[in-house]
Amino acid sequence: MAIFINSDTKVLVQGITGRDGSFHTREMMAYGTRVVGGVTPGKGSQTFEGPKGTNVPIFNGMDEAVSETGANTSVIYVPPRFAAGAILEAAEAGVKLIVAITEGVPVLDMARAHAFARDRGVRVLGPNCPGLISPGKSKVGILPGQIVAEGPIGVVSRSGTLTYEAIFQLTTAGLGQTTCVGIGGDPLIGTNFIDCLKAFEADSETTAVVMIGEIGGTDEQEAAVYVKESMSKPVVGFIAGQTAPPGRRMGHAGAIISGSSGTAKEKIRVFNENGISVAERTADIVGLLQSRLA
Amino acid sequence: MDIHEYQAKERFRSVGIPVPPGRVVSTPEEAEVAAEEYGGTVVIKAQVHSGGRGKAGGVKLAEHPKEARDYASEILGMDINGLPVDKVLITPAEDIDTEAYVGVLLDRKAQAATFMVSAEGGIDIEEVARTNPSAIRKLSVDPRYGMLPHQAYWLASFLYKDPNLVDQARKIIAQLYDAFVSSGAKLAEINPLITTPAGEMKAIDAKMSIDDSELFRRPDIAEMRDTSSEPPSETKAREAGLSYVKLDGEVGCCVNGAGLAMATMDLVKYYRGKPANFLDIGGSSNPDKVVAALEIITSDPNVKVILFNIFGGITRCDDVANGIIEAIEKIDIELPIVIRLTGTNEDRALEILEDAGLSAYTSMDEVVKKAVELAGTA
Numbered sequence: 001m002a003i004f005i006n007s008d009t010k011v012l013v014q015g016i017t018g019r020d021g022s023f024h025t026r027e028m029m030a031y032g033t034r035v036v037g038g039v040t041p042g043k044g045s046q047t048f049e050g051p052k053g054t055n056v057p058i059f060n061g062m063d064e065a066v067s068e069t070g071a072n073t074s075v076i077y078v079p080p081r082f083a084a085g086a087i088l089e090a091a092e093a094g095v096k097l098i099v100a101i102t103e104g105v106p107v108l109d110m111a112r113a114h115a116f117a118r119d120r121g122v123r124v125l126g127p128n129c130p131g132l133i134s135p136g137k138s139k140v141g142i143l144p145g146q147i148v149a150e151g152p153i154g155v156v157s158r159s160g161t162l163t164y165e166a167i168f169q170l171t172t173a174g175l176g177q178t179t180c181v182g183i184g185g186d187p188l189i190g191t192n193f194i195d196c197l198k199a200f201e202a203d204s205e206t207t208a209v210v211m212i213g214e215i216g217g218t219d220e221q222e223a224a225v226y227v228k229e230s231m232s233k234p235v236v237g238f239i240a241g242q243t244a245p246p247g248r249r250m251g252h253a254g255a256i257i258s259g260s261s262g263t264a265k266e267k268i269r270v271f272n273e274n275g276i277s278v279a280e281r282t283a284d285i286v287g288l289l290q291s292r293l294a
Numbered sequence: 001m002d003i004h005e006y007q008a009k010e011r012f013r014s015v016g017i018p019v020p021p022g023r024v025v026s027t028p029e030e031a032e033v034a035a036e037e038y039g040g041t042v043v044i045k046a047q048v049h050s051g052g053r054g055k056a057g058g059v060k061l062a063e064h065p066k067e068a069r070d071y072a073s074e075i076l077g078m079d080i081n082g083l084p085v086d087k088v089l090i091t092p093a094e095d096i097d098t099e100a101y102v103g104v105l106l107d108r109k110a111q112a113a114t115f116m117v118s119a120e121g122g123i124d125i126e127e128v129a130r131t132n133p134s135a136i137r138k139l140s141v142d143p144r145y146g147m148l149p150h151q152a153y154w155l156a157s158f159l160y161k162d163p164n165l166v167d168q169a170r171k172i173i174a175q176l177y178d179a180f181v182s183s184g185a186k187l188a189e190i191n192p193l194i195t196t197p198a199g200e201m202k203a204i205d206a207k208m209s210i211d212d213s214e215l216f217r218r219p220d221i222a223e224m225r226d227t228s229s230e231p232p233s234e235t236k237a238r239e240a241g242l243s244y245v246k247l248d249g250e251v252g253c254c255v256n257g258a259g260l261a262m263a264t265m266d267l268v269k270y271y272r273g274k275p276a277n278f279l280d281i282g283g284s285s286n287p288d289k290v291v292a293a294l295e296i297i298t299s300d301p302n303v304k305v306i307l308f309n310i311f312g313g314i315t316r317c318d319d320v321a322n323g324i325i326e327a328i329e330k331i332d333i334e335l336p337i338v339i340r341l342t343g344t345n346e347d348r349a350l351e352i353l354e355d356a357g358l359s360a361y362t363s364m365d366e367v368v369k370k371a372v373e374l375a376g377t378a
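Protein chains in written order, with my numbering: chain A, 1 to 294; chain B, 1 to 378.
Calculated lysine-lysine pairs in the DSS-like style (CA-CA distance at most 30 Å, straight line): (1) B:369 with B:330; (2) A:228 with B:109; (3) A:10 with A:198; (4) B:369 with A:265; (5) A:96 with B:109; (6) A:265 with B:109; (7) B:207 with A:265; (8) B:304 with A:265; (9) B:138 with A:265; (10) A:137 with A:233; (11) A:265 with B:274; (12) A:233 with A:96; (13) B:369 with B:289; (14) A:265 with B:269; (15) B:109 with A:233; (16) A:198 with B:109.
It is worth saying that the hints were derived from the structure and are not from the lab.
One chain only, chain B, in its complex shape:
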């Protein structure tokens, strides 16, 4: 789960990282009031879960409160990479002497929180890692010991020569690790970390992504979820305990298991159709889950056909067939439905479905071909 810049900055402040003050507002009037209170030049920053905010015009410098109001009015209601902006952060502009990048993420290969720092701030770190790896210093933190003082110093001294700055940076690096662990993050980034002409160090941008599996034990962070940045169908799916991602095709997919769901979408594309979604209904034959899944799929106006692809392993196919029939009876569906069931007790399942007047298949290829044909997009 991504959290907004202003939320990440709150987490950073709580561990002692120097972050300039800021206020989140959702109207131009509030933006003007905030700018007046701060005095001087302020930055207006769109709060949206997307990179490239600056390029899209979502970050502006305002010299007067009136200008802050105008820019806020421009940015609020803007769409950045398809996401509506309904909040902006107002923060005093800083005089910048140097910019650096400091980030930590869960590295799959190292199986540990791994820092990357670079004296080139405000950059795309992935791009630098590819084109100029020597501009980055990298360190994996051993989860058994946590961040050790000499390691924070080693990273800090790659960024600065001035001992006063190295000292500030090593503290911030250790604090960033604290914020990362105490938030259950999989990514935490300060980009850029600036120094002012007066020699002060500040985190003027913040990015954090939280491991979804941590949310059950961190209710304060779970509350930070902004459902306005996702389609309502995805919010509903999460509440129903389903794993769902909306796409823009016509074939609504309902599959048990994430890997099989992806393979089903790929096969739709192979037969020149377009999947409308990723949806994993999980391992049970519980009709309630199937009902929720069907409601979510049919709420998408692009969907022209519903495709079930179920592999019955431990869950028996006849149970799943009964679950599907019960679910279909509960809600009114006008779209064509095609079903493929394979595995344990498949013969019995096919009989049940055919008795209910539903088309049933045992081959994944045949059912997908049929679904694409019914969607009329081939």
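So here's chain A without its partners, still in its complex pose:
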């Protein structure tokens, strides 16, 4: 088992002919993801060449693409100014999961897009996220396939490379993963920590979860309360940004301490209070996980 995506996931790539879109489409196909087509307005009826002669059709719009291919998932690589529009189009076309990789989407655009998707029962992951991977089954997004391994650990994180760092240490220590999810570094994201924790709790193959948060907002604090009240599986946590000054944006649009809320210290305190084992360094994650699983 895995959460959100598995070997049946049928993916359409929005922005398949762009630089990032075409590169990562080939990476996804090489990993074994069932990419069934792509969308670039004006390039419909062309063909996208995947690795080893595997070609997929390109469509002008999502409506046609979904009805022709039966896709249930879309991944978005289009530029920021068109990204929210791409989400609306995908939600209306009837996919059930939209993975928005694009960074720098105006937040007010996202407020509308999230509401629109919610109304249609569509899950949005991101934006400004690396996507997700269920090792051995499917990857949707930009996570590197070579650092993961199949196994029982669920990983959820707001970050990209920091997540890879943690996954790599897990894999090196022989702790494979059910699914690794990057929920994104923006202030308004479609799928939050609690959504992922719920899915991992319900997933029969996941035995423990690694949760990687950072400064800004209160999503981690709310998730910690959920862990205490509703989770039977152990959770190990890490929070980045203890040295971040208040009021400054640390790369991610959502990584900013506003006023007195959203500090790393506060999040670590709430983690500890709610039974999440907190790793002081990323190097401590594996050890904590092993002791919680022993």
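Given chain A, put chain B in place with the hints provided.
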């Protein structure tokens, strides 16, 4: 991106919010002329991206033009929370009957623009929210419909009983939402919104923060950026497309990815060193970006060692290693450099770096320990 009070007031005026007249000046002489033209008592207000201007002495009341000149001379050149003041706003003083707070911000949990209003004006709204939440009325605006008339009325009637004032306030609240949306803001605040003894309502202070992701489609607002309030290295980093925040430590950090960059800074502190900066060079192995990053880091005189922490995922470590070597050859660096590379093709990358005479590591802890040791601050 924060904009100044006078810039926020321009945005407010453009949607019809009543704002007293004002003029921005940068010399005491201009301040005197402005005060003369307005006549009567004027307020001189430091234009600086910092709260607590009043407490720091950056806001003064002047009864005569001569006094305006003296105060302006005092405030200009002042440092408020480390930021130099090079502009002041001159505005006529208002007779104040009541003060209220009206603000709207992007609320992460509600995923919507959310209003907060309070009849206690001129206050720290966060503080009131904590200590006396019943003094605040809160409303999230559904992004599908925008601000609806009855919602503006509901907020306004929390502030005033007099129907004439409620009517003025509901208009201002709806206009503030317009200003918020049309500016691509993440925060817009009137604090305080005053009433005069004659029953007029005016926004006498204004604060606005713009979503950086909106600037590409709002060139008029992007132009409002005041680079005098940030270190030149941050201006340069932004122009080079790098995400950089200057701090005051000795270990210059160059990392791919924002989360890993923060975790690296934290690890420097864990080993009792002090990070000199946050810097995310992004996902590419492009040597030009590494050159720009190194120039920015080495322009900080506090930096004693340069620490690279790179996780090669899709970007292969050997490409990154070649990029670093090319960049180091392009600029002259006397500081010690330590590099950690892990991920795809790391063995090949380590060989490349060692052949070039650079110390390379695969463990994040070891490289950070080494960097702190070389900085000599442990």
